[in-house]
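S.K.: In case you want the letters, here they are:
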Amino acid sequence: MNAPVLDRRKVLSGGALVVAFAMTSRLLGDAVGGGEGGAGPKVVRPDLEGSLKTDPWLDAWIRIDAEGQATVCSGKAELGQGIRTALLQVVAEELDMPPAAITFITADTGRTPDEGLTAGSHSMQDSGTALANAGANVRMLLIGAAAKRLGIPVRELDTTGDGHIAARDGRRVSYGEAARALSLHVEAVADAPRRSPQSYRTMNRDFRRVDIPAKLTGGEAYVQDMRLPGMVHARVVRGPSYGTRLTAPDIAAARKMPGVLRIIQNGQFLAIVARKEWQAIQAMRVAQTSDYVKTGPDLPGEQGPRRLQSLASREIIVEQSDDGPKASTRTFKGSFSRPWYSHGSIGPSCAVAHLHGGELTIWSHSQGVFDMHRATAELVGLAPDKVRVIHTPSAGCYGHNGADDATAEAGLIAMQLPGVPVRLQWMREQEFGWEPCGCGMVTQIEASIGPDNKIAHWKYEVWSNSHNNRAVGAGGYAVAQEIVPGFPMQVPAPIPMPEGDGDRNANPLYVFNNMDIRYHFVPEMPMRVSALRSLGAHLNIFTMEAALDELAKAGGVDPLAFRLAHMQDERARAVMLRATDAFGWSKRLRGDGRRGCGMAFARYKNRGAYCAIALEIEIERETGAITIHRVNAAVDAGQPANPNGIRNQIEGGIIQSLSWAIHEDMTYDTSKRTGFDWGTYPILRFDQVPGSIDVDIVESAGLPFLGAGEAAQGPTSAALANAIADAAGVRLCDMPLTPAKVKAAIGNAG
Amino acid sequence: MLAAMAAGVLALGLTWRPTISAIDRPQAGSFPAAQVNQGAILAKLGDCAVCHTATGGRALAGGRPLATPFGTLFASNITPDAETGIGNWSYEAFRRAMRDGVSRTGSHLYPALPYDHYTHVTEGDLQAIYAYLMTRRPVHAPKPDNKLIFPLGFRPLLAGWKFLYLRHGDVPYDSGQSARYNRGAYLAEGLGHCGGCHTPRNLMGAEVASKAYAGGIAEGWRAPPLNAENPAARKWTADSLYTFLRTGVSPDHSAAGGPMGPVVESLSSVPEEEVRALSVYFAAKMGKAAPAKAEAEPVDRPAEAVAAFPEGARIFAGACAGCHGPGAPMMSQGRPALGLSTDLTDSEPTSAIQAVLQGIEPPVEGRGPKMPAFAPSLTDGQVAAVLGYVRTRYTHKPAWNHLEHDVRQARKEGGQP
Amino acid sequence: MTFELTVNDKTHIVDAEAETPLLYVLRGELGLNGPKYGCGLGQCGACTVQLGGKAVYSCLTPLITVGEREVRTVEGLGGVDSMNPLQQAFADEQAAQCGYCIAGMIMRAQALLDENPHPTEAEIRSHMQPNLCRCGTHMRILRAIRRVAAVPAGAAA
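Chains as they are written, first to last, in this note's numbering: chain Z, 1 to 750; chain U, 1 to 417; chain E, 1 to 157.
In short, the hints are calculated from the structure, not lab data. Just so we're clear, the structure is a prediction, and the values are computed from it rather than from any experiment. Accuracy of the hints is not assured; some may be wrong.
[Unchecked claim] Subject to a maximum C-alpha distance of 30 Å in a straight line, what follows is the list of computed DSSO-like cross-link-like pairs (lysine-lysine): (1) U:K412 x E:K54; (2) U:K412 x Z:K741; (3) E:K54 x Z:K459; (4) U:K370 x E:K54.
[Said to hold, decoys possible] Which chain Z residues stay away from chain E? Per the calculated CB distances, all over 10 Å, these: (5) R208; (6) S321; (7) R594; (8) S659; (9) F686; (10) A740.
We put the CB at the ideal spot given by N, CA and C, even for glycine.
Model the full assembly from the supplied sequences, consistent with the hints where possible.
M.R.: Shown next, in the form of C-alpha cells:
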C-alpha cells in the first residue's frame, strides 16, 4: 500500500484519518463474492475467472451422472432478478446441453460453493463467469473423453446441443457415457474453449424464467410458503423502531392467548411461538401493548441528511488530478442530498429454522447465506459446520433489509425448540421500523468550465455512513444487542474503491480536468443503515449529472453534446447515443415551463453495466405534480445471457428510482422512525408510473458479463431532476422531489 | 293571456343581467408579482382548484363533476383561455361572478360556486385572485354540459334563489375578539366557505342561516357541527385544530376523511398565520361545547360492546384491530384512538359509514393516515354490525338506529360496489 | 368454530377462530400460497383474492364475514399447465420480478376483466391502484392485462 496521500489543505483537524485506498482498492476491486465486503471466500487461483478464483474444483460446480443429467451449483441466489434462469442459460450454453437436463442448486451452505453475497450486480460477473468457464472446462473434458473412447482426435468431435458429442463420421457419444470415464474433481484451466456467440443455442435468448410459472399459479415459491411437518409460528415483540425498547410488554397476558406454545425471552429479546400464525400475531399484539423508551442513538433531527456533515468523519481521497492551471468561465456550485430510504420489500422478512440432531438448518432469503451460517453459528453458540443456511426466495429485498435479522432470530427461537421447525415472519411495521435503511447522503460540488466549454475544475465531496453493515459476526444482527450475554455492535467500515460504497461512482468516467474528489466517511449512524441497491452511486450520479446539465446550460451546449465531449469510453458513448436516438433527443420538445426532457448516464461503479436514460415529463405548475410521459433507456451489460431479463431489471430499476426520487423518505421524530406503513412511507403506484418505458440493449457479444440490476438507479433519478430543471427552470437538489418541493421552487405565482 | 305574457316579460326583466364586454386577455406582466402571489394564496384558501380541476385534468381547467340533489354540475374552466375559460373576462365580470353569481355573458351561475360566501371577499382580495387566475397558463378545455333535473336547467330561476338567500356585505368585525379571530372569521365566512359543508341546507339548497355550523352533508360525508354542538370527545383547541387543518390528522381527534382531505391539502401550504386564524375562529365557535375536556380519556368499553354486538366484535378483531386495536402499529405511533373519533361520537353515523365503505386516503402529499375501503368485502349488515360495535365500545352515546339501512343508502348513493 | 367455506369451487370445513382473517385460513388451513401477507393493513394488495367476484384484501376479511360468498385465489384460475388467459399473459410478458405481489395483481386484474372485459388504459391503471409492486414490474403487468383486455371474450380459451 502506498503512503497516505495527504492533502495540502488539511480539511480535517484533530485525529481525523486521511487515507488513500487507491492501491488496496485495485487489488480488492477484482475480488469476487459480491464485492460488498462480507467475509467472502479467499482467492486461491487468481489466474481463473469469476468465482473459479475462490473455488476452482469443477465438481464443486458441475456434476454429470451416468444418464447424462447434470447437477449444477451456484452460490448466488434468486432474489427476483431472474439470476437463476440467466445462470442456467450460461451453464447450459457452455455445456452445450438443454437447460431442462440440468438440476440447478443455488446458495446453500451445505451444497454449493461459497460465492459470498448475492449483491453488487456481481452475480453474472462472479457466478456467470465461473459457470461459463466451468461449463467450458467440462465440455472440453467430455469431448476429450469421447475422443478417447472413439479413438479419434478431439478436433473431429463437437457437441450437438442435446447432450451428445458427435463425430464427423456420424458416431455419437452421450454425455452420460463420456462422463462415466471422467472425474470432474479437477481444477479448472484458464483456457478451456468457450462456445462462440454466433453459435449460441441458449444464451442471448429470451428464455422464459424458470421461477415465474409457480409465482403465477400459487406454487410453493417463497420461504413464506414453507410448511414443514409440525411447524410452529413465531412473532417477535418489539418497540416501534430500531433504537427503542418496550418498557413493560404484557407477557403474562400474551401467554394466556389461544394457541400460544412458548414465550421466548432472552434479555430484551422477546418472541411468541404459537400453533397458528394468526394466533402468534394476536399474542404479539397483546404483548406489544406497552410504552417504549428510546435506547438508540439520536435520530438525525431537523437537519435531515445534512446532519451527517456535523458528525465526525474520516476523509478518504477518492481521486485527485492536477492538469495545471485552467481558466474558468462559468462555475456551478451546489449541495445535493437524499434522505434515508426503506428497502420497502412487499413481503416482510421471514425465515424457517429447525434444530434437529444438534444441527440448525435455516431457510432464509438473506443475500449472504455464507456469512449468515458463520455469524448465526456464533450467535446461537454452535460450530459453523452445525449451521446450514439454505437460500429460499422471498419478496425482493433490494439490498440488506430485515432478512438477515429475521434469519438470526428464527435461529435463536429454534434453539429453544429442538426438533420443532419454526417459521418467523416480521410484521409490516417491524420491517419498516427495524430493517437497516438505505443511507441518507449529502454531496457538494463546485465545478467550472473554461472557454473551450470543457470542465476545468471539479471539486466534489460526499458524506455518508457505511453502506455495508451486513453481519460477518454475531454482532451484526440487531438482536445481538438485545440478548444476554450480547455481542457488541459490528464496527462499520467503508467499502474501498473501485467498488466503493458512499463514494461509489463519485469518480467520474468522464474526463475532467483538475479533479479533487473526497469521501467523508461518517462512522456514527443516526439511523440504522446498510446496503440498498446501488449504494452511494445513486446520489453521486444524481449530483454529477445535475452539475453536467447546469454547466452545459451555462456554456450554451446541448446536454448530450456536452457529455459526449467529455467521454472517451466508446461503449459509454454508444449507450448515450442509442438512448437519445430512440428518444428523439435532437427533435425533443424544449422546456416550456410545463413540459421538458432530461437525460443522464452512468457506468455503474465505472466497471459494471453502462446505462443511459432519457425521459420526458410534464409538471402541473399549480401543484408541482410530475407526470412522466416516456422513458428511453439503453444498456450495455456485456454479453447478454437473457436480454429480456436485462430489460426487466432496467425497467424495474427505472420505476424504483423514480419512486425514490419523487416520493420516498423514511421519516422520524426524536425517538423513532415514523414511517411504519404504506401511508407513511408511500411509494410509486400505478397512476404515477410512466406512460411508456423502452429499453434498448447494446449488445457486446463475447465481452464479459456485467450485471444490470443496479445500472438504472442513478441515471433515472438524475434524468428526472434534469427534466424538471428543463421543464420548470428550477434545479432541485434535495430528494425526494415531491410536488410540494417542485411547487415551492416554482413559487406561488409561478 | 296578454297579462301572463307581460308578467313573464317582467319577471325575465327582473332577472336579466347585461353582458360585460369581452376584453383581450391582460398581459401577465400587467399584474404586480406580489399581487399574483397573494392571489395564489387566496385561491388556495378559497379551494378554487379543488372544484375546478378534474381528476387527471389540468389545474383550474374545470370539468370536475359535482353531484347535487338537483343533478350533476360540471365546474367551469377558470384558466384565462379566451374561448373556453375566462380569458376575456374583465375584472368587473370576475367580480360580478364572485359577488353576484352572474357570468360575464349575464347568465346566472348555480350556487355550487359559493358566491353566497365569496360575496364577502374584499375588493383587494378579489383583485389579487383575478390577477392570479389571469396569469395562469390558458388551457383549452370546454366544459361538459350540466345534467340537471327539469326545470332547473332554466337559469333565470336562480334569480329567485339569490333574492331569497344571497346577502352581500362585509363580514362584520367583532371588536370584542382578537385580530386573529377576526381574520379567521373573514377567511371562514368568505373565501373558505366553510359553512358550505358545515351548515345544513334547506330544500332549496341554501344554507340555513339560523343554523350556522350546525353540521351538514358534503358528497355523502357529514361535515360535523363546528358550533357548541361539536361532538368531539376531546375539546378542540386552536392548537389541535391547527394541526388537523395543516396535516389532516390530530392526535386528539381523528383523520380528515372524504371532502375534508382536499381542504387540508390546500391549507397545508398556505402561510401558517392564515391557518392559525381559522383555528382560533373555530375553537371559539366550539368553545362552549359542553362536557368535552381537552384531556378526556378516550372511552373503551370492550365488554359492553361485545355483549351488544358479538358479530361486530369478531369483525372488528379481524378487520380493524390490526390498526385500531391495542398493540397495533398506529397506536404506538401516536395516532388517535377510536375513542377520540368525531365520526363515532357524531349523532349521525354518516361519516363513519363512509370511512368504512370508502376508506381514507392521506390528504397531504399522499403521506399520512391511509385506510382501505371495505365496500367490496363487507356486506351492509356487516358494516352495520361493526359500526354498532365501535359506537358502543368507544363512546357513551346511544346506539345509532337504522344503521344497516343507512349503510345500504350510502352505498347506493356513493355508487359503491 | 367451524365454518363452511367455498374456495376455488371446492367446499371446505375449516376450524378457526371466527375473526381469523381469510388470508391465514387460506394459507394456514387450506395450504394455499397465492394470497400473501404483505402488510395486514389493506394497503398493498399482496393478499388480494376474489370474494363473491370482487377483489378484496384477504388480510382484512374476517372468516365470519365470508358467509356463502365464493372465494377465489390465483390457484383457482389455473395451474402451471392450465393457466387461464390472464396468467398466460403474465407468463408471456414475463411480468414478474420477485413475483411476491403478482398473485394479488392477477386477482385484482381478473376482477376487473370479469366485470369489464375491455377496459381502457386509464381504467386499468385506476383499478390497479391499490396494489403495490416494489420491483417496478408495472409496465409488464399493464401489458399483460392489456393483452387480455384486447382479446375478445372466449377467443383466447
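S.K.: Now tell me, hint by hint, if it's right for this structure.
M.R.: Cross-check of the supplied hints:
no.: 1; hint: U:K412 x E:K54; result: holds (17 Å)
no.: 2; hint: U:K412 x Z:K741; result: violated (40 Å)
no.: 3; hint: E:K54 x Z:K459; result: violated (58 Å)
no.: 4; hint: U:K370 x E:K54; result: holds (21 Å)
no.: 5; hint: R208; result: violated (7 Å)
no.: 6; hint: S321; result: holds (37 Å)
no.: 7; hint: R594; result: holds (21 Å)
no.: 8; hint: S659; result: violated (8 Å)
no.: 9; hint: F686; result: violated (4 Å)
no.: 10; hint: A740; result: holds (21 Å)
Hint compliance for this structure: hints 2, 3, 5, 8, 9 are broken, all remaining hints hold.
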